[in-house]
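A.B. asks: Going by UniProt numbering, the sequence shown opens with residue 1, and the numbers climb by one from there.
Keep in mind the hints are simulated off the structure, nothing from the lab. Please note that the accuracy of each hint is not assured.
To be verified - For lysine-lysine, the following DSSO-like pairs were computed, each having C-alpha atoms within a straight-line distance of at most 27 Å:
id : residue 1 : residue 2
1  : K26       : K86
2  : K10       : K86
3  : K71       : K26
4  : K11       : K71
5  : K26       : K14
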Amino acid sequence: WNSPVFVIQKKSGKWRMLTDLREVNKCIEPMRALQLGLPSPALIPQNWPLMVLDLKDCFFTIPLQLQDRDKFAFTVPVLNHAQPVKRYQWTVLPQGMVNSPTLCQEFVARSLQSIRQEYPNYI
Numbered sequence: 001w002n003s004p005v006f007v008i009q010k011k012s013g014k015w016r017m018l019t020d021l022r023e024v025n026k027c028i029e030p031m032r033a034l035q036l037g038l039p040s041p042a043l044i045p046q047n048w049p050l051m052v053l054d055l056k057d058c059f060f061t062i063p064l065q066l067q068d069r070d071k072f073a074f075t076v077p078v079l080n081h082a083q084p085v086k087r088y089q090w091t092v093l094p095q096g097m098v099n100s101p102t103l104c105q106e107f108v109a110r111s112l113q114s115i116r117q118e119y120p121n122y123i
């Protein structure tokens, strides 16, 4: 797969790369959601112990298997075809792929498993 790539400038002046994964998503069979929703804070008993973990950037650290990386290749176009395009490969799970949220849930659940075993009474 060779997905179109767009680069836009943010208000901060930094650049952000966007990958159009619509064609990739057409070829992938969607996986079911592992967790259909988040627990409601209103349903947690008042005195139950809570543990808060910051998983802010965990999505961007889920590695792709080496044998799958070539399937997530993209090229960055060059203005007026002045030179050959450069080909890159994703090394982590790309955002926007149809199964990315499900795979992210799976990896987060695996990484939290040891914490849940150590603190079984915490939510």
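A.B. asks: Does each hint hold? Answer for all of them.
C.D. replies: Going through the hints against the structure:
Pair hint K26 plus K86 holds up; C-alpha atoms about 25 Å apart against a cutoff of 27 Å. Between K10 and K86 the alpha-carbon distance is near 23 Å, which keeps this suggested pair within the 27 Å criterion. As the CA atoms of K71 and K26 are separated by approximately 14 Å, the hinted pair is consistent with the 27 Å bound. For the suggested pair K11 and K71, the alpha carbons sit about 32 Å apart, so the restraint of at most 27 Å is broken.
Of the supplied pair hints, the one linking K26 and K14 is violated, its CA atoms being roughly 31 Å apart against a limit of 27 Å.
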